[in-house]
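Q: Start from chain L and add chain U according to the hints.
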Amino acid sequence: MGIRFVLMVNKQGQTRLAQYYEYLTLEERRALEGEIVRKCLARNEQQCSFVEHRNYKIVYRRYASLFFLVGVDDDENELAILEFIHLLVETMDRHFGNVCELDIMFHLEKAHFMLEEMVMNGCIVETSKSNILTPIQLMDKTS
Amino acid sequence: MLDILAKAQEWEWCPLEQKSNEKRREEKSEEDRSVGMAGSSIMENLFQRTVEDLIKGMRLQLVGESSFISKATEEIRREIKSTDQHTKSTALQKLSYLSAVHGVDMSWASFHVVEVMSSSRFAHKRIGYHAAAHSFNDDTPVLLLITNQLRKDLSSSNHFEVSLALDLLSRIATLDLARDLTPEVFQLLSTARVFVRKKAIAVLFRLFDKFPDSVRVCFKRLVENLESSDPQVVTAVVGVFCQLSASDPSSYLPLAPEFFRILVDSKNNWVLIKVLKVFTKLAPLEPRLGKRIVEPVCDHMRRSVAKSLVFECVRTVLTSLTHYESAVNLAVEKVREFLLDQDPNLRYLGLQALSLVAPQHLWAVMDNKEAIIKSLSDDDSNIKIESLRLLMAMVSESHLADISRVLLNYALKSDPEFCNEILGSILTTCSRNVYEIVVDFDWYVSLLGEMAAIPNCQKGEEIETQLIDIGMRVKDARIQLVRVGRDLLIDPALLGNVHLHRILCASAWVAGEYIEVASNPFELMDALLQPRTSLLPPSIRAVYINSALKILIFCLDCYLLQNEVSASLYSGNLAGGQSQLLSVKNYTEATELAMCEGSNYEQDEGFNPRNTTESSEELSVESGINRVATHGQTFTPTTVLMKKKFVHESISSLLNRIELIFGPLIANQDVEVLERARNILSLVQLIKQEIIDNSVQSVDIMDKKDTLVSAIIYSMRDAFTTELGPVSTSAQGRIAVPDGLVLTDNLGDLQAICGDDELPPSSSLFGTGGPHLTSTTDASSSNLLKNEESRPLNESTSLIEHRKRHGLYYLPSEKREIVPDEYPPANDSKLNSNISDEAAELAKLTDQSLLPKKRTNQTKPRPVVVKLDDGDVAPISIKRPEPRDDSLSGAIKDVLLGSETGPSISRSNPSGKSSRKQKEKKKLTTNGQSEMKENVVDAENPDIENPNSTSKNHGHTNERRHRGKEKIVEGEEHDQRGKKKSGHRHGRRKSHQRAKSPLNVVSQTPVIPDFLL
Chain L
1 MGIRFVLMVN KQGQTRLAQY YEYLTLEERR ALEGEIVRKC LARNEQQCSF
51 VEHRNYKIVY RRYASLFFLV GVDDDENELA ILEFIHLLVE TMDRHFGNVC
101 ELDIMFHLEK AHFMLEEMVM NGCIVETSKS NILTPIQLMD KTS
Chain U
144 MLDILAKAQE WEWCPLEQKS NEKRREEKSE EDRSVGMAGS SIMENLFQRT
194 VEDLIKGMRL QLVGESSFIS KATEEIRREI KSTDQHTKST ALQKLSYLSA
244 VHGVDMSWAS FHVVEVMSSS RFAHKRIGYH AAAHSFNDDT PVLLLITNQL
294 RKDLSSSNHF EVSLALDLLS RIATLDLARD LTPEVFQLLS TARVFVRKKA
344 IAVLFRLFDK FPDSVRVCFK RLVENLESSD PQVVTAVVGV FCQLSASDPS
394 SYLPLAPEFF RILVDSKNNW VLIKVLKVFT KLAPLEPRLG KRIVEPVCDH
444 MRRSVAKSLV FECVRTVLTS LTHYESAVNL AVEKVREFLL DQDPNLRYLG
494 LQALSLVAPQ HLWAVMDNKE AIIKSLSDDD SNIKIESLRL LMAMVSESHL
544 ADISRVLLNY ALKSDPEFCN EILGSILTTC SRNVYEIVVD FDWYVSLLGE
594 MAAIPNCQKG EEIETQLIDI GMRVKDARIQ LVRVGRDLLI DPALLGNVHL
644 HRILCASAWV AGEYIEVASN PFELMDALLQ PRTSLLPPSI RAVYINSALK
694 ILIFCLDCYL LQNEVSASLY SGNLAGGQSQ LLSVKNYTEA TELAMCEGSN
744 YEQDEGFNPR NTTESSEELS VESGINRVAT HGQTFTPTTV LMKKKFVHES
794 ISSLLNRIEL IFGPLIANQD VEVLERARNI LSLVQLIKQE IIDNSVQSVD
844 IMDKKDTLVS AIIYSMRDAF TTELGPVSTS AQGRIAVPDG LVLTDNLGDL
894 QAICGDDELP PSSSLFGTGG PHLTSTTDAS SSNLLKNEES RPLNESTSLI
944 EHRKRHGLYY LPSEKREIVP DEYPPANDSK LNSNISDEAA ELAKLTDQSL
994 LPKKRTNQTK PRPVVVKLDD GDVAPISIKR PEPRDDSLSG AIKDVLLGSE
1044 TGPSISRSNP SGKSSRKQKE KKKLTTNGQS EMKENVVDAE NPDIENPNST
1094 SKNHGHTNER RHRGKEKIVE GEEHDQRGKK KSGHRHGRRK SHQRAKSPLN
1144 VVSQTPVIPD FLL
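Going down the list, the sequences are from chains L and U. Just so you know, the first sequence maps onto residues 1 to 143 in my numbering. Just so you know, the second sequence maps onto residues 144 to 1156 in my numbering.
Extracted from the complex, chain U is given alone in its bound form:
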C-alpha cells in the first residue's frame, strides 16, 4: 500500500522536475541521434533523471531521505544496464554522486565504470574516470581490465584524456598497473606539454611506491625536471621529493645542491616550504649541509611576510638545525611573536614549535613561560593542552610537588575534559620510568588521594594502577598508602561516584594487603563493611570482601598472639608483682594510652556511631613496629601493652558485624562475591564458636595455641604475609613445564622456541615461606582435612601451595626492616595555603628548574623503589623507528649506487664522499639501462657545446676526478648553473662509454672532496 503511494508521489513529482531540463535533454538526445542511437534508447534517455534532478529531488525530501536514495539507486541499477552510452553515463554520474555525498555503495557497478571509461566521448569518459577514482581500490577485480584503456589514454593526443588517466593512476595504481604503465609515464615525463608533464611527475610517487623498479627507469628524468625552468614542473618535482624523502631521506642527499639552489632562488612559497621540509630531513644526516643552509633559512625567516613560510623555517631550525645558536635564537624570537599574536592559530603553532625545541633548548621554553602559563586558561582546549604539555616538559624533580599543586588547582577549576587532561599528564609524568621523578612518595601518594577527591576525576583506572604499583614497589610508602586508602574508604560519599570505584578497589586492596601498617584495623574494617558498599560493582565488592578477610585474619592473629604472650608473661611475672603493668584487662590504662598514641581516635568515633562502644576499646597501635616485632618473634612488654586493643569484646563484635553485613551476600548473584562471602562467613562461624565458647576472659588462654582455630589463623596469616611484588613482563617465559604435563602432542615446535627461556626446575627456588610456613601447613592440613568446615583453610593452603609452587613469580621477600615512623606530613602547609595567584606562582616555580638542581629541603632520602631487571611492567624504552628498508629505498639506492656495489655503502657512509659517488653512479646506471632513451634526450637538447666534453676522450679515472671537482664548484657557487648542466650532460656522455666498456667503479673511486662545501 505504502509502495503504491510512494510511486504515485514519484509520478507526480517527476514531470515537474523534468520540465526544467527538458530543453537540455532535447539537445542531448539530438546529439545522441546524430551518433546513431536506437529509438528505444532515446525514449529511455528522455525519461531519465539527471544528476541535477536527483539533487533537487533530494532537497525536496524533508523526511525519508534514505528511502528516496534507495529508490534512486534502484533506478540507477536499471539505467546503468542500458546500451545507450548517455543513459549509462548519466546513471553512473548519479551513482557516484550518491556514493560521494551519501555514502551509497557503488562497488557493484565497477564493471559499468570500466565500460563508461572506455567511451569515445570525453564527457562520458570523464564520468567514468571520476567514478573509478572514487570507488576503485586494490581489491577491485576489474582493475585488471583497465590496463589497456589507461595505456591508450596515456598515449592519447588529447591531453585532457592523458590527464584523466594520470589522475586515476595516482589514485588507484597497483603493482600490476604501475609495472605495466611505467613506460608510458616515462614518456610523459619529458613531454613539452607542461599540463601533462607536471601530472606525470606527480604520479611518480605512487608508481615508485607500488613498483620500486620503476625508479630505475624514471628517476633520472625526475631529477632533470628539478632543473626545469617551468615553475609548475618544479613544484611538482619538489612535491614528489618531499614525499619520497619523508620515508628514506639518506638516499636523496646527493641531490642537496639542487635543492639548495631552489631554496635560494625560488620565489614560490609553496615550493620553498616543500624544500625546507626536504632539508629538515636531510640536515641531520650530513652536518656540513646544516652549515650551508642555515643562512638562507634565516634569511627567509627574517624577510618573508608569509607566516606559513616563516613557520616552516622556524620548524626546520628547531628540528634539524638546533646546533646553530643564532638561528635558534632567531627562531625562538619568531616563536615569541607567534605566542603573543592575536590569532589563536599562531599561538597554537608557537606552542607546538616550543615543544619541538624543548628537549634540546629548555631555556627557550623557560623564556616564554608567562605566555605558556597564560595559555593554560585559553579559550581553546587545544591550546590549553599544548601549554600543559610544555609545562610538564619543564618539570624536574626539585619542584614537581609545587607544579603539581598548582596544576591540581587549575584542574579543580577547569571543565571536566581539561581537568582530566591535567590529571592524566601529572600521572604519566610522575610514573615515567618507574616513578623516576618522584622523591617523596608520601607526598605522591597523598597527591593521588587528592586527585581522587576532585569531582571531575575520571582517571580512576590509572590511579588504581599506580596505588597498587607503588604499594608493591615502594615499601616505605605503605604507611601513607594505607592512610590515604583509609581516608578514601571511610568516606561514604565517594561510593556513589562511578569513576572512583576503581580507586576504592585499589584502596581496599591496599588496606587488606598492608593491614599491618594500618593505624586502626577496626576502623578499616568498618569502612569495608559500610552498607553503601552495595553500590559497588561485584568485582570490586569481591575485593572488599577479600580485604575484609585479610583484616580479620590480622586482628585475630594479633589477638591470639597477644593473649598467648601476655599469658605466658603473666604467669612468669606474677611473682614479680608486675601484673598490673602487664594486665590485659586494665581498660582504663589502655584507653589512656590510646588517647596519647592514636591520632585517629576522634575520627573513629565520629565515623560510625553505631560502634562507639566498641571503638572505645579499639586502641590504635604503632602496628608497624608491632607487626614486625610479632613476626620476628621478639616480644617485649611494650608491644604487649600496645596490643591491648585486641580484646575479646572487640573481636567478637567484629565477627558479629561481619556476619551481619556479609550474611545477605550468600544470596548474591555474582559468583565471585558469593564465593568470597561464603568463605569468610564460614571462617567467622568457626572462629566464633571457639572464641565465644572457650575464651571467657582470663580463662585458660594457654590452651588456645593448640586449638584448631589458632592453627587456621596462623596458617592463613602466613599465607597473607608473603609479600606480593611487581611481576616481570617476561615471567611467563620462565615457567618450567611441570612433570607429567604433555605439551608436545601438537605443539612440539613450541619447545624449540621457548627452550631458551626455560629455567631448570631447582628446588631452591621454591618455598619462599620458609620452614615455619611449611610446618604450619603440614600440621594444619593434617589436622583439618577431616573437618567439614575446612573451606577457608583449603583456600589458604592452596594459596600457600600456589606461592610455593610458583615461587619464582614472586619477588623474593626482602628482609624486613623497622620503618621509622616519624614521617613529617608531606604537604600540610601547601595543602592548606590558598594560592592566590597561581600563574605567578607557577612562573616562579618554573624558574627553579633552570637553577642547578639541589635538593635543599629534602628531609629524607628517596626510598627504595623495586625495579625488575628484565622488562618491567611497562616497556619504557622509546622505540626508535626502524629505518625503512623496503624495496623502494632499495631500488633508489640501487639506482644511486649502481649495481656493482651493495646498498650497504650508502647506508653506512652517508658522508659527502659516498654521496658524491652515489650521485655519479646513479647517472651511470640509469644511463646504462636506458641508453636508447638517453640518446633521444641528448638529441633534444641542442646545446651540446660544453667545456668538459673533451674529457670523454680521457681515461675514466681522470674523468671522474674532473667531474668531482666540478661538483664542488657547483655546491659552493650555486650561481654557476650553466656549468652544472654541462656536468650532467657530461655524465651522460661518459655513461655511454661505460656501457660500451664496463668498469669496476668501486675499485676506482678516488678520495673525493666534499661536494657540499
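One chain only, chain L, in its complex shape:
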C-alpha cells in the first residue's frame, strides 16, 4: 500500500494534521501517534530520519517547529519519502507563502486537499507542484 499515514506534529508533540490511508479507530490512532511522537521527537539532528515502529517504517523530517512524519510499508523507498515530504512542504510554501504551523492549523482542509492530490490509496500519484495547486486555486476562486 505504500504510505500508511502522514502526520504533522509540532515540537510539543501536538498533532496538527493526521491523514491515514488505512482505517484505525480513534484510540488506535491516538496510541500510535503518541508512541511515534515519543520515539521521533527524542532524536537529534545527527541521527537518521528513519525509525522502525510496529510494522511501519517511519520517515520523518523536521521543518522549523513542525515535524512531518510519514509511516510507510517496509519496502517503500525511504529517500523517496523524504523527497515527498520536501515536496509537500514546498507545495505548501508556494501556496501559503512561507508556510508555518499556524497556516496548517487554520487551513487544515487545504493541507488535506494538497495531500489528497498528491497521494491516493497510499500511493503517490502527483508530484508536480502546479498540478497539485491548480485545483485548489480554482476552488478558492469559485467558492
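To be clear, the hints were calculated from the coordinates, so they are not data collected in a lab. Careful, some of the hints might be misleading.
Said to hold, decoys possible - Facing chain L, from chain U, some residues (calculated, C-beta under 10 Å):
{"id": "1", "residue": "Tyr240"}
{"id": "2", "residue": "Ser250"}
{"id": "3", "residue": "Arg490"}
{"id": "4", "residue": "Asn525"}
What the hints assert, rightly or not - Below, a list of computed lysine-lysine pairs in the DSSO-like style, where the Cα atoms sit at most 30 Å apart:
{"id": "5", "chain 1": "U", "residue 1": "Lys199", "chain 2": "L", "residue 2": "Lys110"}
{"id": "6", "chain 1": "L", "residue 1": "Lys129", "chain 2": "L", "residue 2": "Lys11"}
{"id": "7", "chain 1": "L", "residue 1": "Lys110", "chain 2": "U", "residue 2": "Lys214"}
{"id": "8", "chain 1": "L", "residue 1": "Lys39", "chain 2": "L", "residue 2": "Lys57"}
{"id": "9", "chain 1": "L", "residue 1": "Lys11", "chain 2": "U", "residue 2": "Lys214"}
{"id": "10", "chain 1": "U", "residue 1": "Lys556", "chain 2": "U", "residue 2": "Lys517"}
{"id": "11", "chain 1": "U", "residue 1": "Lys450", "chain 2": "L", "residue 2": "Lys39"}
{"id": "12", "chain 1": "U", "residue 1": "Lys199", "chain 2": "L", "residue 2": "Lys11"}
{"id": "13", "chain 1": "U", "residue 1": "Lys434", "chain 2": "U", "residue 2": "Lys450"}
{"id": "14", "chain 1": "U", "residue 1": "Lys450", "chain 2": "L", "residue 2": "Lys57"}
{"id": "15", "chain 1": "U", "residue 1": "Lys295", "chain 2": "L", "residue 2": "Lys141"}
{"id": "16", "chain 1": "L", "residue 1": "Lys57", "chain 2": "U", "residue 2": "Lys410"}
{"id": "17", "chain 1": "U", "residue 1": "Lys517", "chain 2": "L", "residue 2": "Lys57"}
{"id": "18", "chain 1": "L", "residue 1": "Lys39", "chain 2": "U", "residue 2": "Lys556"}
{"id": "19", "chain 1": "U", "residue 1": "Lys410", "chain 2": "U", "residue 2": "Lys450"}
{"id": "20", "chain 1": "U", "residue 1": "Lys410", "chain 2": "L", "residue 2": "Lys129"}
{"id": "21", "chain 1": "U", "residue 1": "Lys556", "chain 2": "L", "residue 2": "Lys57"}
{"id": "22", "chain 1": "L", "residue 1": "Lys110", "chain 2": "L", "residue 2": "Lys11"}
{"id": "23", "chain 1": "L", "residue 1": "Lys110", "chain 2": "U", "residue 2": "Lys224"}
{"id": "24", "chain 1": "L", "residue 1": "Lys110", "chain 2": "U", "residue 2": "Lys295"}
{"id": "25", "chain 1": "U", "residue 1": "Lys224", "chain 2": "U", "residue 2": "Lys199"}
{"id": "26", "chain 1": "L", "residue 1": "Lys110", "chain 2": "L", "residue 2": "Lys39"}
{"id": "27", "chain 1": "L", "residue 1": "Lys57", "chain 2": "L", "residue 2": "Lys110"}
{"id": "28", "chain 1": "L", "residue 1": "Lys11", "chain 2": "U", "residue 2": "Lys450"}
{"id": "29", "chain 1": "L", "residue 1": "Lys57", "chain 2": "U", "residue 2": "Lys353"}
{"id": "30", "chain 1": "U", "residue 1": "Lys224", "chain 2": "U", "residue 2": "Lys214"}
{"id": "31", "chain 1": "L", "residue 1": "Lys57", "chain 2": "L", "residue 2": "Lys11"}
Computed from a prediction, not measured in an experiment: that's the story for all the values here. Cβ coordinates follow ideal geometry from the N, Cα and C atoms, glycine included.
A: Chain U in isolation, oriented as in the chain L frame:
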C-alpha cells in the same frame, strides 16, 4: 456554580471572537439569503462559530482544553441538526477538525455527513466528503445510503465533484460500493480529463482489492493507460501495478515488456522507482527477465544523481539480481559510498542494503567491515542496531567466542538499551537451531554468567531459559553450569537486582537438579539459605526452597551411603589392619585431602564466616565420579575416602541452619513458599530426630539402613535423580486417555481429531525408574503410610507416581557415562586480557570467517545436544509466506488466462510461454466480456491503419503465431512501439472474431518462443 461561570466566560469571549469574522459572515448570510433561507436560520448562522473561531478559542485556552472541546462538541451537536445547509456544514467542518486533530469521536454524526455530502453547493459537499473520508469505515451503517450519491457525483460534469467522489471511494470502498460503482469508474478510465483519469486509475487498487470481479472489467483499460503519453496517467498506473504486484507478482509477468519500456524511457524518478519495485518482484520469477533488465538498472545506478533512485537500483540488484556479478559489484560499490557518507540516512540505508545481500554475498559485508564496526559506536541507535545485525550475520562457529567477547565489552560501555540489544542478539544467535553454532558449551555457559553480571542486563528471562535448556540438553555442560550457577548464587549483591532474579531462579534450579556434579553442596546450600534471599519474589523463593530440599536429600543420601559402606568395609577390613586408611573419623587426613582436591575451599571460608567451623569439615569431592559411582553401586575405597565430608557434624549443622532460615517462612503469605518450606521443615525434623538420636559417632551404623529415615531419603533421592529432559511441543498430543475418564460427553468430536496422535497405552513405556525404584517406593509407602510425618514422603511418592504414569513425557534417561573432569578453563586468558583496541580486534576476527572453517584449537569435540525428533521447544523452521491465493489474484489470473483454462497453468508454469499465452488470453477474455465497450474504444482511435490487420482474415492459429512473433520483436526492440500498438489493436480485432466463433484456445496454443528475449 462552575458551569455558570464557564458560561459567563464564554459569553464574554464570544463577541470578541466574532468581530473578526463579522464581515465574512455577512457575506455568507447574504448568499444564504439568496438561496432562500428562513429568517431563523439566518440568526442561527449569525451566531455560529466558524472553524477559525474554534481554533482561535482553542488557542486561548491554556488549561482546560478538554472541557472546551466538550463544550464545543455540545454546540456542534445542536448546530448540526439545523435545517440550514450552511450552519450544518460549518458544524460538520468543526467536528471533523476536532476529530482529526483532537481525536473527538464523530461516528454519531455519520448521517449528517451523508446529508452534507448530498448538498448541491460544492463548498458544502466538499466538507461532507472530507468528513466521510476521515470518519467512515466498513462498519459505518450509513454506507449503504451513499451509493447513489457517489454514482451521481462520479458521473458529474464538474470534475472536482468527480475527484471528490473518487477520493472518497479510494478510502472507504467496500465490497458493495466497489461492485455497484465499478461501471462508473470504468467509464472514467478513458476520460479525456487527465485530472480525473489519474484518480480513477488510482482508485482501481482498492476496487480490485474489495471486489475482484472488477478486474474483468477494468484490467484491460488499466493496461492501456500504461501506454498513455501523459506522464501523470503513467505515474498513476505504475503506482497501481506496484501495489498489485506486491501481493501476487506472477500474474503481471506478461506486462514485463511495458514495464521495461518505462524503465528505459522514463525520465521521472518517481515512476522509475515504482517500476524498479515491480521488477524486484518479477525478476525472481523469470530468469530471462533479469538478464534483460540488469543493464538498464546498472545504467540508472551509474548515471542518476538522485540518491533515492540509486538506492532503489541498489536494492533491486541486491534482492533480485544477485546472480549478476558485475551488477552486484557496482551495487556494493554504491553501498560503500553510502556507508562513508556524512548523511546518517545514507549510512543507515547502506547498512540495510548490506543486510539484504548478506545471505548470498557475505563478502560484500566483509569488505565493509571497518565501516560496520565503526557504526557500532555511532550516535544513532538505529544505525548501531543495524550494524549489530550485520555483525551477527558474519558470525560463524569458528570465531563466535571472540566476537561475543568483543561485543560484550561494547555492551559494558553502551547505554542500557543498546547493551540489551547486543546481549539479545548474542543470545538469539547462539541459541539458534538448538545451539547449532556453539561448540564449547563450557564457554557458552560462562558467557551467560558474565552477561548476568553486566549491570544493565535485562535479559534475565532469556538467560534463564537458556541456562535451564542447556542443563536439560547438554549433559557435558552441567558441571560448568553448576559452577556458574554457584558463582551467581553466592554473590549476595546480585539479589538486589530485579532483572537478575530470573537468572538466579535458573541458577538455583540448576544447583538443585545437578547437585551431584557440584564441587561443594554445602556451599550451595549456604548460598540458597542466605538471608538476603528474602528480597526475591515468592515464586523464585519457592524454587530456592525446592533446590535446598534437593541438595539436602543429596547430602543426606551421601552421608548415609558412606556410613553404610565404610561401616561394612570397616568391619570387613578390620582384621586386615587397614582401618586407618578407611577411617571416617580421621579428620586431619580428610582436611589435607580436601586442600588438595577442592579448589573452592578458600572461597568457601570467605563466603560465610558464620560457618567456618563447619566448612573446615566440608571437603570438596570429585562428586561427578563419586555420584555416578554411587549409583552404579560400585564402591571402592577411593570413593569412600572422598566422601568424608559428609560427617555427622556437618549434616546436623546443615539441618539446624535449614530450620533456622526456613522456620519463619511457615508464616509466609505466599502459598507456594509456605507449602514448600513446611515440607522441607517437617522432613528436617524427622531426620533430625533419627540422626541426632541414633547416630552418635561410630555407634552401630549398620542399623541405619533399616531405619525409616534412610528409606525416605533413598526414595526421595531416586525421585530426584530421574533426569528431566526437554519436552516436545507435540507431547500433549500423545496423551493416552486414562481408563475411566469420560471425555466423550460433550467433546465427542475431539476424539476423531486427536485420534491419530494417540498412542496405545503400553506398559513398556511406563516406569523409567526401574525395578530398584519401584521396590523402594513400595517398601517405603507401606512402611510409612501410618506415619503422620509422612508428608515429604507423600510428595516424593507422588512425584514418582507422576513420573511413572507420565513417563512418556520425559526423555528416556540415557546411560550414565563417566564425565572426564579435566575441562580446561574455557576462556581464562580472554577473560582477563584487556582488549585495547576492540574495533581492530573485531575487524581481525571477522576476517577469519572468510577463511575456510577449520577448527584448529578445538580441544574437545562438541558435546551431545539433546534434540527432539518431533517439534522442539521452539519451531525454528522459517515459514515461507504462503503465496497469496485469494480471490483477487484468482480474478486476475482468470482475466489473464481466460476462462477455458484453469488458473493452475499460470501458477505452475510462469515461463515465457505461458506468460505469453496469458497475455494473449487476457485480451481475448476481456474483449469477450465487454465487446460493446471495446468497439467504442476502437472507434475512438482513428489510426486503424495497421500492417497486421489483414490477419483478421486468416485462421486463428496462424494469427496467434503471427502475434506471438510480433511480441518477440517488441520484447527485443522496445523502440518499435508503433508496432506494439498495432499488436494490441490487432488482439482486439481478433477477439471480436473469437466472440463470434468461440474456439478452444488451450488445444491450439503452439510452442511460442520467448517474448522477453
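Q: Against this structure, judge whether each hint is valid.
A: Evaluation of the provided hints:
no.	hint	result
1	Tyr240	6 Å, holds
2	Ser250	9 Å, holds
3	Arg490	7 Å, holds
4	Asn525	6 Å, holds
5	U:Lys199 / L:Lys110	18 Å, holds
6	L:Lys129 / L:Lys11	27 Å, holds
7	L:Lys110 / U:Lys214	26 Å, holds
8	L:Lys39 / L:Lys57	12 Å, holds
9	L:Lys11 / U:Lys214	27 Å, holds
10	U:Lys556 / U:Lys517	15 Å, holds
11	U:Lys450 / L:Lys39	26 Å, holds
12	U:Lys199 / L:Lys11	19 Å, holds
13	U:Lys434 / U:Lys450	24 Å, holds
14	U:Lys450 / L:Lys57	19 Å, holds
15	U:Lys295 / L:Lys141	24 Å, holds
16	L:Lys57 / U:Lys410	27 Å, holds
17	U:Lys517 / L:Lys57	24 Å, holds
18	L:Lys39 / U:Lys556	23 Å, holds
19	U:Lys410 / U:Lys450	15 Å, holds
20	U:Lys410 / L:Lys129	17 Å, holds
21	U:Lys556 / L:Lys57	29 Å, holds
22	L:Lys110 / L:Lys11	22 Å, holds
23	L:Lys110 / U:Lys224	26 Å, holds
24	L:Lys110 / U:Lys295	24 Å, holds
25	U:Lys224 / U:Lys199	24 Å, holds
26	L:Lys110 / L:Lys39	28 Å, holds
27	L:Lys57 / L:Lys110	26 Å, holds
28	L:Lys11 / U:Lys450	29 Å, holds
29	L:Lys57 / U:Lys353	25 Å, holds
30	U:Lys224 / U:Lys214	16 Å, holds
31	L:Lys57 / L:Lys11	21 Å, holds
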